[in-house]
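2 protein chains.
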Amino acid sequence: MAASSPISPLAPKNFPRMPALAGARLASAASGMRYKGRDDLLLMAFDKGTSVAGMFTTSRAPSAPVDWCRKHLVNGQGHARALLVNAGNANAFTGIKGDKALRDCAAAAAKQIGCTRGQVMIGSTGVIGLLLDSAKITGLLPALAAKLNPDAWRAGAEAIRTTDTFAKGATATAKIDGVEVRINGMAKGSGMIAPDMATMLAYVATDATLPPDVLHALLRKSVQNSFNMISVDSDTSTSDTVMLFATGKAMHGAVLRAGDPRLRDFRQKLDAVMGDLARQVVCDGEGARKFISVRVTGAASGRAAKKIAMSIANSPLVKTAIAGEDANWGRIVMAVGKAGEAASRDALSVRIGGLPVARKGMADPAYSESKVTAHMKGQEIEIEVDVGVGQAAATVWTCDLTHGYIDINANYRS
Amino acid sequence: MAASSPISPLAPKNFPRMPALAGARLASAASGMRYKGRDDLLLMAFDKGTSVAGMFTTSRAPSAPVDWCRKHLVNGQGHARALLVNAGNANAFTGIKGDKALRDCAAAAAKQIGCTRGQVMIGSTGVIGLLLDSAKITGLLPALAAKLNPDAWRAGAEAIRTTDTFAKGATATAKIDGVEVRINGMAKGSGMIAPDMATMLAYVATDATLPPDVLHALLRKSVQNSFNMISVDSDTSTSDTVMLFATGKAMHGAVLRAGDPRLRDFRQKLDAVMGDLARQVVCDGEGARKFISVRVTGAASGRAAKKIAMSIANSPLVKTAIAGEDANWGRIVMAVGKAGEAASRDALSVRIGGLPVARKGMADPAYSESKVTAHMKGQEIEIEVDVGVGQAAATVWTCDLTHGYIDINANYRS
Chain H
10 MAASSPISPL APKNFPRMPA LAGARLASAA SGMRYKGRDD LLLMAFDKGT SVAGMFTTSR
70 APSAPVDWCR KHLVNGQGHA RALLVNAGNA NAFTGIKGDK ALRDCAAAAA KQIGCTRGQV
130 MIGSTGVIGL LLDSAKITGL LPALAAKLNP DAWRAGAEAI RTTDTFAKGA TATAKIDGVE
190 VRINGMAKGS GMIAPDMATM LAYVATDATL PPDVLHALLR KSVQNSFNMI SVDSDTSTSD
250 TVMLFATGKA MHGAVLRAGD PRLRDFRQKL DAVMGDLARQ VVCDGEGARK FISVRVTGAA
310 SGRAAKKIAM SIANSPLVKT AIAGEDANWG RIVMAVGKAG EAASRDALSV RIGGLPVARK
370 GMADPAYSES KVTAHMKGQE IEIEVDVGVG QAAATVWTCD LTHGYIDINA NYRS
Chain W
10 MAASSPISPL APKNFPRMPA LAGARLASAA SGMRYKGRDD LLLMAFDKGT SVAGMFTTSR
70 APSAPVDWCR KHLVNGQGHA RALLVNAGNA NAFTGIKGDK ALRDCAAAAA KQIGCTRGQV
130 MIGSTGVIGL LLDSAKITGL LPALAAKLNP DAWRAGAEAI RTTDTFAKGA TATAKIDGVE
190 VRINGMAKGS GMIAPDMATM LAYVATDATL PPDVLHALLR KSVQNSFNMI SVDSDTSTSD
250 TVMLFATGKA MHGAVLRAGD PRLRDFRQKL DAVMGDLARQ VVCDGEGARK FISVRVTGAA
310 SGRAAKKIAM SIANSPLVKT AIAGEDANWG RIVMAVGKAG EAASRDALSV RIGGLPVARK
370 GMADPAYSES KVTAHMKGQE IEIEVDVGVG QAAATVWTCD LTHGYIDINA NYRS
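So the protein sequences, as listed, match chains H and W. 10 is the number of the first residue of the first sequence in our numbering; add one for each residue after it. 10 is the number of the first residue of the second sequence in our numbering; add one for each residue after it.
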């Protein structure tokens with residue numbers, strides 16, 4: 010299914026040229042577990058001394074890999090030597106058998122890499138509730154380990170896809186203390202994308218030398234404005250995972266806290282990579298034909314601004330109207346109203362594509378339906394709402410809701 | 010659009026035979042405001058002494074009619090002589106002009122009925138943000154008043170539809186103190202259906218003799234288990250309204266409190282009418298092909314049970330899987346997990362159509378995909394989840410998410 014779906018019209022033109030990153034090697038393979046004719050297994054190996062930070066789904070029914078990573082990262086931070094990801098089976102809601110399958114995989118990977126099982130991070134994505142046949146993975150690990158090389162980022166990003174129609178990668182170069190460091194990231198995700206660990210897998214690595222606690226603080230901050238600001242369908246996966254690895258190969262001075270001013274450029278570039286990956290996930294939203302940004306201003310708090318923006322972004326009626334290129338802005342007002350946060354109906358203003366639509370509780374006299382409709386026909390839709398009660402703002406990203414979403418999800422397992 | 014859509018396959022076979030109800034008369038007409046070739050205007054007249062109770066949308070951007078009814082019903086209760094409802098224009102987010110249009114309509118109706126403006130309840134449903142041309146309504150009021158008659162319930166229910174594919178009515182006879190009383194109700198609604206005043210208009214009348222405070226208490230209780238337990242698309246309208254009128258024509262003894270044991274039969278019959286109307290709204294969910302009941306047991310509280318049940322009922326992934334007749338129960342687990350309420354993953358059990366699916370955190374050894382798939386092919390889908398942490402339960406009703414929903418909502422205004 011995934012492999013044969015046409016590529017999203019919102020996909021970036023090219024996969025970025027991902028340079029090698031000192032201390033990290035990758036390899037992928039095809040287990041045949043679910044997908045035919047494509048890789049579905051990724052092994053990454055990290056040199057000794059690699060720090061890692063992770064953030065995970067808020068689901069109360071997390072997958073076995075999420076449980077595993079949480080257990081081996083104290084407060085979301087620690088050290089790692091390997092990452093093993095499979096696509097097609099989420100190993101979620103699989104009970105003790107799923108846990109056993111995971112431990113078999115971790116042990117097999119640890120043996121190949123020469124580390125402890127707890128240093129192997131695991132990610133699984135795909136169907137929930139299906140038992141994972143670990144033999145199909147463990148049998149491939151010797152060959153994977155033999156293939157590890159620093160230039161396989163694109164193949165890795167291809168391997169972790171499920172219904173994704175394109176591989177998602179992003180890269181940047183930052184300076185710490187005058188020393189160049191790289192940041193490479195990949196992500197997968199196109200359904201079950203909802204806020205707060207936006208339901209996907211994302212793995213970002215850097216050769217910077219950063220201790221686990223600093224890495225974790227940087228990751229948390231960056232997730233707030235990237236993966237936590239996207240939604241495709243308001244559903245939250247059991248498997249959401251974002252991990253940041255630092256191999257420590259770059260020869261800059263010691264950094265002991267996330268607020269260190271020498272990290273300014275690094276923080277910006279990390280945010281750029283994370284934001285890029287998050288927006289690529291939206292661009293691959295199942296059935297997506299339009300990329301939508303929703304900016305809410307004038308809210309009572311940042312939390313309220315985000316909640317209102319998400320209420321708009323998750324409204325099926327707003328999303329179908331946009332799919333139909335219909336400037337039905339009344340539904341935006343509806344979505345503001347249902348968010349349950351302070352908003353002044355009579356001070357509310359709405360702009361679409363920068364054009365005036367509504368203000369002071371009614372249609373703006375300057376509203377031009379033909380101009381707004383012209384904007385609606387484009388691929389990038391901009392909604393701005395000022396709710397008129399405060400100073401806080403938030404921007405979230407989503408996509409439209411189309412027949413493609415129904416097609417993909419009504420027949421996912423068949 | 011609405012008029013030409015095929016009737017929902019989930020529609021009841023017939024509109025019920027609605028008997029006359031002493032003290033209430035109805036008339037409908039076609040304003041031509043939005044729909045062609047059908048009535049879109051309902052006037053109801055109530056005899057003097059009619060009590061009324063109302064409950065309204067939780068939206069922070071309520072429509073002008075919601076503001077109006079709230080203003081004239083102190084604490085949601087009072088007396089009324091008329092109800093005027095138009096379909097096609099919600100008179101929402103229309104500012105002071107919308108308010109003026111509403112007052113013109115109320116004044117014209119009051120003149121015809123011979124009451125004060127504040128005794129005229131108003132309902133409007135349709136497009137948000139469009140100015141209401143009150144002259145198209147006020148001009149018809151003399152003719153409507155002349156046509157008022159006690160046997161026009163079905164025509165009334167037809168007139169208040171928007172995208173509804175069938176008119177929704179329900180009726181019951183109850184005894185209070187040995188005296189027979191009638192309960193007649195009608196509802197409209199098929200999109201923007203979400204919990205807590207499930208986004209629709211519903212008007213129920215009885216000839217029982219009940220003071221406004223008793224009526225309000227009865228309504229509140231009955232809404233909790235009917236209209237507040239349904240969801241089509243999680244969107245909340247600006248116009249949600251449920252009103253209960255009591256004309257006071259029945260000659261039973263005085264009832265001074267909702268808990269009066271003489272109201273036992275009446276309460277049951279009211280619940281039946283309200284529940285019937287609420288389920289009919291779900292059966293007319295935009296694009297609905299399957300009626301879904303979700304029962305959650307073993308929750309920590311009633312509120313938690315409802316929140317988990319709604320998380321399942323509102324999940325686009327669950328709803329599309331059901332549309333595809335796919336027994337993808339992993340998505341049910343996902344939806345339990347994302348609800349944010351206490352649930353024990355490892356004690357969770359799931360049944361579909363009464364058949365065992367999952368228990369103790371994994372697929373049930375007795376699970377038969379072919380049996381469950383056979384159930385999925387039916388029109389009524391039953392999902393039961395025990396979350397394994399407490400004793401509380403809740404049942405909610407929803408429908409599947411199909412191409413029809415996209416078709417209807419991508420082109421609603423065209």
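Be a bit skeptical, because a hint or two may be false.
The list treats identical chains as interchangeable, and a pair is accepted whether it falls inside one copy or across any two copies.
As the list claims (entries may be wrong) - Here are the computed lysine-lysine pairs in the DSS-like style, where the Cα-Cα straight-line distance is at most 25 Å:
#  : residue 1 : residue 2
1  : 22        : 109
2  : 120       : 145
3  : 380       : 278
4  : 380       : 106
5  : 106       : 156
6  : 184       : 278
7  : 386       : 120
8  : 22        : 369
9  : 369       : 109
10 : 369       : 80
11 : 369       : 230
12 : 57        : 258
13 : 106       : 57
If you are wondering where the hints come from, they were derived from the structure by calculation, not from laboratory data.
Status of the hints after comparison with the structure:
In this homomeric assembly, residue 22 and residue 109 never come within 25 Å of each other (Cα to Cα): the closest approach is 41 Å inside a single copy and 53 Å across copies. Proximity of residue 120 to residue 145 under the C-alpha cut-off of 25 Å is restricted to the intra-copy arrangement: shortest distance 16 Å within a copy versus 80 Å between copies. In this assembly of identical chains, residue 380 and residue 278 lie within 25 Å of each other by CA distance neither inside one copy nor across copies; the values are 36 Å within and 53 Å between. Only between protomers do residue 380 and residue 106 lie at most 25 Å apart by alpha-carbon distance; the minimum there is 24 Å, versus 58 Å within a single protomer.
For the homomeric pair residue 106 and residue 156, neither the shortest alpha-carbon distance inside one copy (30 Å) nor that between copies (71 Å) is at most 25 Å. With identical chains, the CA atoms of residue 184 and residue 278 are at most 25 Å apart within one copy only, with a shortest distance of 9 Å there and 73 Å across copies. In this homomeric assembly, residue 386 and residue 120 never come within 25 Å of each other (Cα to Cα): the closest approach is 54 Å inside a single copy and 48 Å across copies. With identical chains, the CA atoms of residue 22 and residue 369 are never at most 25 Å apart, being 41 Å at best within one copy and 46 Å at best between copies.
In this assembly of identical chains, the alpha carbons of residue 369 and residue 109 lie at most 25 Å apart only when taken from different copies (16 Å versus 60 Å within one copy). Proximity of residue 369 and residue 80 under a CA criterion of 25 Å is satisfied inter-copy only: 21 Å between copies versus 52 Å inside one chain copy. Proximity of residue 369 and residue 230 under a CA criterion of 25 Å is satisfied in neither setting, with 35 Å inside one chain copy and 36 Å between copies. In this assembly of identical chains, residue 57 and residue 258 lie within 25 Å of each other by CA distance solely inside one copy; the values are 10 Å within and 86 Å between copies.
For the identical chains of this complex, residue 106 and residue 57 are neighbours neither inside a copy (31 Å) nor across copies (70 Å), given an alpha-carbon limit of 25 Å.
Checked against the numbered hints given earlier, the structure breaks hints 1, 3, 5, 7, 8, 11 and 13 and satisfies all the rest.
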